[in-house]
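Following the hints, put chain B in place on chain A, whose structure we already have.
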Amino acid sequence: MGGLQKKKYERGSATNYITRNKARKKLQLSLADFRRLCILKGIYPHEPKHKKKVNKGSTAPRTFYLLKDIRFLLHEPIVRKFREYKVFVRKLRKAYGKAEWTGVERLRDNKPGYKLDHIIKERYPTFIDALRDIDDALSMCFLFSTFARTGKCHVQTIMLCRRLTVEWMNYLVTSRSLRKVFISIKGIYYQAEVLGQLITWLVPYQFAHDHPTDVDYRVMATFTEMYTTLFGFINFRLYQTLNLVYPPKLDSKSESELKAEHEEDYAMDSESYLEKLSALSASLARVVATAEEEENQLDQFPAEGEDLENMEAREKEQKEQEAQNRLFEGLKFFLNREVPRESLAFILRCFGAEVSWDKSLCIGGTYDVTDETITHQIVDRPDIDKQYINRYYIQPQWVFDSVNAKMCLPVEDYFLGVTLPPHLSPFVEEKDGDYVPPEKLKLIALQRGEKHVQDDEEEDDDDDEEDNDEVDDEDLTEEKNLKKMEDQRSQGKTLAVKVTPGKVKPWETGSMGNKVRLEQEEKAEEKRLAIMMMKKKEKYLYDKIMFGKKRTTREANKLAAKRKAHEDTSKAEKKQKKAKKQ
Amino acid sequence: MAAVKRLKRVAAAQAGFMSFKSSASSDDLGSGQRKRVNKNKKKNWNKHSDIQDVEEFLDDVRLQERATGGLISEKPDASLFFVDIGEQRKYVQPEVQEGKKGKKSKLRPLRIDLILQHDSLVHPPKDVLAYQQPNAKKLRRIAENAEKLAAMGVLPRRQKRLLNRRPAITTSKSKTAANNFPDRPYYDLWGGDAKETADPYYLEQTGKKRVKRPEKLNSKPSVLPAVEVIAPGGSYNPDFFSHQALLLEAHEVEVKREKAELRIERQLAVNQEDTATEETVFQEQVEGLVEEEEDEDEEEEDVSIRGGLQQEKKTEKERRRERANKIKSQQKQAARAFTDKKQQLFQLRSIQATLKRREQQTRERVAQRKANQEAEKSMPRRLGRLKFQAQDLEVQLSDEIPGSLRTLKPEGSVLKDRFKSMQKRNMIEPRERAKFKRRHKVKYVEKRAFKEIT
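These protein sequence lines are chains A and B, in that order.
Note that the UniProt record's numbering gives residue 483 to position 483 of the first sequence, counting from 1, and the numbers run on in steps of one.
Note that the UniProt record's numbering gives residue 351 to position 351 of the second sequence, counting from 1, and the numbers run on in steps of one.
Keep in mind that the hints are not guaranteed to be accurate.
DSBU-like mimics (lysine-lysine), calculated; alpha carbons at most 35 angstroms apart, straight line [stated by the list, open to error]:
hint, chain 1, residue 1, chain 2, residue 2
1, B, K420, A, K22
2, B, K437, A, K25
3, A, K81, A, K22
Everything labelled a hint here was simulated from the structure, so no lab data went into it.
Extracted from the complex, chain A is given alone in its bound form:
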């Protein structure tokens, strides 16, 4: 029982944590510098499990760091640089105060600076690690590159961000790795697949900044500083993987094409190259000039069973991917001046289209409106005066929707002055039983329609039968009605467009049909039997699952009905309006 009394707060969690202020004092840094250091090194505050213990009995809210993290920070060479910088500022101020201009100049020349390369290497030991964490960097750099040069942050930072983002876009154009686009009210979301990593980022609209006051610009600038370094190294590596010259150079062929006689009017010499690059209309120079990209095919391995299936699935996927990459190949676009040039040019180029625009809009336009070979002109105004007969005049949403649908959608819905179909988010993935908006259903039908022509009816019937199996008899009738309504509606438009020749359903005649039918019946029977044979416990679980499914379908059906009602009313209103007008 004897021995020394244990003192409180000398072991356990109280010694594992350190408050921010203590950490700051330990590192001999000001709060701003400490914050900067933590951001650069990727050390974040930590919420202890037992705050009161850590806080030595007090319950005051404090910011805690792990003591080991702070000890690790002590070894960072940048800490010394921060201190040096502090001294530098002090000296500079003194020299200013004394009006020693030579002294000021000398100090300016010897301004201490630091590099973040080693930190990047330390935080991201491999390239893939870095690539996984690039989402933030991308969003941040795109954001900063749209800032006005008004002194909210350094002009140099803005320029660097612009350069890096242009490099990134050029890489995506060359590698054709863009996958999804979503125009939201906040900004444009992009998703690309780079070296097997899905990367999502957000690009703000141009000229849309009101600078919010409750954002700490210093913190954001520090993050950007780190991210630009990271981003640059990633860009370098990515360019290397494609055998491209870094920093990017325009192809000699396209460079000579782009050499306009009045390019001096557009930008200064120093800036025009970046502008030309950012126009995205030209391809990049390669280290080793290759005439054509050779088709890269998956290696074939002998496989059995599941592996074989997987392999086939993968191969199919890859084929689809390639088809998507060539989505706009061979098409020639012209952008009118009212559409967002950069995003559209970027997307179109990412899928192999040729793009141009008015000469006065931006540098780098390769052909004129009058070019007869233009296939699509993207217009975002109610009407246009002079129209060429051999090209489509479409609204910009067509491009985005086509990319998301992985196919060229019919242009009729996107003509000039036509009310657009809704722009659906490609980032939503519906599970079965969820409510799927009819527009999406239509789209899915269209996608299928490409593969095997017009067997929508068939599939729908199949769906119905499956549903019948699942849904119990109780509220079958009501639900069936709803379901039918929905199906009809979803089909309605496609049916209206296509006229299908009378088709004989296979199982109604012939032995083949009988076989299929028999098989299905057998399956249903088996299922019923299996349900019967279930244990009570399992049966209970099964019922629960089925109930959940039914509930979701019911909700979905309700939504569909609601939608129908809404559409009916809106149609009626429209009709009324029309009647009134007439």
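Only chain B this time, still in chain A's reference frame:
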């Protein structure tokens, strides 16, 4: 020089030499006796030998040279004499001079300059040293030699040493450019790095080796993705239902906020019963004047109770009985417990049921706790004084939805979105802007000009 002098002396000794000053020599010849002096000492020679005449002669020579630029005796006659033919042009010259008098006076040099002018006709001796290069010959020879060697390709030793010197480490001295320099170069950071060849112990001891980053630091503080995509209702041209769903969500947030506000308001509201009525005001005023007596009574009662508490001593009999009672009750309890236990044999099923229930409960709790922990990973933690507050949902009302991309009005700020996202992912603690604190009180003074008017 000596040769010239001798020549001159010879010239002077000759009969034809003419001196400038004719009277000088005749006086000296007639002076008295000679002094006797030893001539065996050089000092005496200097002292007593008479060199007056020679010096005079030389002075005269120098004078002649200075004034006329040479010995007069050697000059040709034509330069010494001219033929006098009367005053013919004397009248012409003054007229011309009078006419240009003003100009000439201006052109004439100052007298001071004339005085300072070199008036001797003997040219000053040339300073040979000024034109001479010391060691010229040697240097010329060296240069020639160097040229010859350079042609052969042999470098001089100094240059060779310069070339042999180890190149100074320029990188350390060169300035590190700022990180945000727009044209900064990048390189392959993850390329095959050169293996450290130095002794690891040496590197560790001299602080040249980087401390290894703990693995734990590479894990992210939250499982949330860096970029959260907005709900499908946030599309610029949304599908009706997803837009409604988003609106509903925004509505719910708003309702919640309003509820919280109302709650605070309700809590702050004054209770109707607490307000003073006439009656209560009167009662307060009379308080302590009317009902004093009741209190006193109560006090008395208290005293009486306290007196009653003092107990008398228990008798032996009472104690015995108490003890017996106690034992009895204990026995009763024991018997009861025994029978209960016996009965439990028949309750086995229900006991089992309760046990099962309890186990089920604990299992559920464990699952719940796990789920909570899992959910907490994606929740913003409390990292400082302030709680994380989510950003307002970006929503456009049904009548704000633009028909086309051209008329789209962006909602919210991406900058704020990024900032909040970082807070949400526990990368930075939520903070509020530092409030401006005035150190000195502001004193308002009317300006004098303004004061005069009012």
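**Asked** Does A:K25 lie within 35 angstroms of B:K437 when you go C-alpha to C-alpha?
**Response** holds (24 angstroms)
- Query: Going straight from one Cα to the other, do B:K420 and A:K22 come out at no more than 35 angstroms?
  - Reply: Since the Cα atoms of B:K420 and A:K22 sit roughly 26 angstroms apart, the hinted pair holds (cutoff 35 angstroms).
Practice task
Would you check the hint for A:K81 and A:K22, treating anything up to 35 angstroms between C-alpha atoms as holding?
Solution key: It holds: about 20 angstroms lies between the C-alpha atoms, which stays within 35 angstroms.
Violated hints are absent here; each numbered hint is respected by the structure.
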